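Visitor: Listed here are the chains, written in short residue letters.
There are 2 protein chains.
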Amino acid sequence: MDSTTLLYHLRQTIPETPLHTVSIDYAQRHRIELNFAARLSQLAGASSHRVLPLDLKQIGGSPLTDPDLDVPAASEQAQVTTVVPFRNMLLVTLAAACGERLGAFDIYLSPVRDDHEAYRDCRREFYDSLEESLRLGATRDTPFTIHTPLVDYSKADVVALGMKLGVPYELTHTCYAGTRPACGVCDACSERLNAFGELHATDPLDYEQRPAL
Amino acid sequence: MDSTTLLYHLRQTIPETPLHTVSIDYAQRHRIELNFAARLSQLAGASSHRVLPLDLKQIGGSPLTDPDLDVPAASEQAQVTTVVPFRNMLLVTLAAACGERLGAFDIYLSPVRDDHEAYRDCRREFYDSLEESLRLGATRDTPFTIHTPLVDYSKADVVALGMKLGVPYELTHTCYAGTRPACGVCDACSERLNAFGELHATDPLDYEQRPAL
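Sequences listed follow chains A and B, in order. Residues 1152 to 1364 (the numbering used here) are what the first sequence spells out, left to right. Residues 1152 to 1364 (the numbering used here) are what the second sequence spells out, left to right.
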């Protein structure tokens, strides 16, 4: 939801700039998102789309990558257990490695405010530091910029922006359980449904169940 | 050569501390090094050894991961073409992800002075920044420390230290071409042979050819 909204936002704000999209196959249980990412990249007119493999299953410990662990329901208030250590740091660094080859030094990603509490790697101060690390670690003296234009948005702000931009939310994937219809009870589904609820809008996605808000 | 020397150095300087070793299978042409790393970890008494996969072949562009590109001879002065973008940053971040699971927050690696020119991610200022990024991106507020005790050593300094420590250099792998006997002409072989040469010592490894120094 967040990445797709960002993609459509960029398509409108920097229409002349070629956009190369990168998905990471990190052995996530919800790997179905990779198919939707490819389709949405094409719909939004991205110049290229790549899927990079990064097997984080072996790091273990998160239900997002370990099929033996249950994805917690939002009601369990256990979002921190879904953390895949340093996932965003690895994602951005891999994107930068692609960028070096492509000559693309502007990296965009979409952490949002509502994730700051459970996921420390969704905060801007982390990306300021990471930008410096990329600058110092690049093959040549090339300044990478990490753009996080939605970092102060709530999930509802994201949906409000996306609805204005005509984002086809029925093609986005959010559910941590990785099912279609979406489970409706995991943290990710719950936050998404709450965001649409706050706006008195209807999420066009199919759900197994829609909890009363 | 550098990592093994570091491992033996740690075994002597912090003998009571459990050491967990991590190798990264990044689709390197010289993947034979992974076998030697496992054996050396065992010999040095490491508590565990893991091999994490990280397919950097798809980033492309380096002869270290692309079998269609030739590994340059040292005489071509083309060491910069062997750079795998952000390799060390990805390696350290993956090691930190393992560390979070293991409760190990001290990361050791062995960049050395002679690599500073071709590989910017072998400089201490880069690791200072990366340490800060790890601190800000960790799941909980945990300070990681990245130790680089050999960062001001020349390759000859490394060999001198290793010879004092009894490092079995015949079991280390250095050659970028990934062959045993080692090629003797790539940058990595050439630097290694020069280091032993400076010390008037004989490298116990077998080489296809040993260039006159």
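What the hints contain is simulated information worked out from the structure, not anything from laboratory work. Note that the coordinates shown come from a computational prediction; the quantities given were computed from them, not determined experimentally. Some hints here could point you the wrong way.
The list makes no distinction among identical chains, and a pair is therefore deemed to hold if it is satisfied within one copy or across any two copies.
Unchecked claim - Straight-line C-alpha distance at most 25 angstroms; calculated SDA-like pairs for lysine to any residue:
(1) K1208 to A1178
(2) K1208 to D1292
(3) K1315 to R1264
(4) K1208 to L1312
(5) K1315 to T1293
(6) K1208 to L1170
(7) K1208 to A1307
Visitor: Can you tell me if K1315 and R1264 fall within 25 angstroms by alpha carbon in one copy, between copies, both or neither?
Guide: Close inside one copy (20 angstroms), not across copies (54 angstroms); limit 25 angstroms.
Visitor: As a check of your reading, is K1315 near T1293 (CA-CA no more than 25 angstroms) within one copy, between copies, both or neither?
Guide: neither (36 angstroms within a copy, 41 angstroms between copies)
Visitor: Could you place K1208 and D1292 in one of the four classes (within, between, both, neither) given a Cα distance threshold of 25 angstroms?
Guide: between (34 angstroms within a copy, 23 angstroms between copies)
Visitor: State whether the alpha carbon distance between K1208 and A1307 is at most 25 angstroms within one copy, between copies, both, or neither.
Guide: Classified as neither; 31 angstroms inside a copy, 39 angstroms across copies.
Visitor: Is it within a copy, between copies, both, or neither that the alpha carbon of K1208 lies no farther than 25 angstroms from that of L1170?
Guide: between (29 angstroms within a copy, 22 angstroms between copies)
Visitor: Classify it for me, K1208 with L1312: is the Cα-Cα distance of at most 25 angstroms met within a copy, between copies, both or neither?
Guide: neither (34 angstroms within a copy, 37 angstroms between copies)
Visitor: Have a look at K1208 and A1178 and pick one of within, between, both or neither, based on CA distance no larger than 25 angstroms.
Guide: For K1208 and A1178, the Cα distance is within 25 angstroms both inside one copy (6 angstroms) and across copies (18 angstroms).
Hints 4, 5 and 7 from the earlier list are contradicted by this structure; the remaining hints agree with it.
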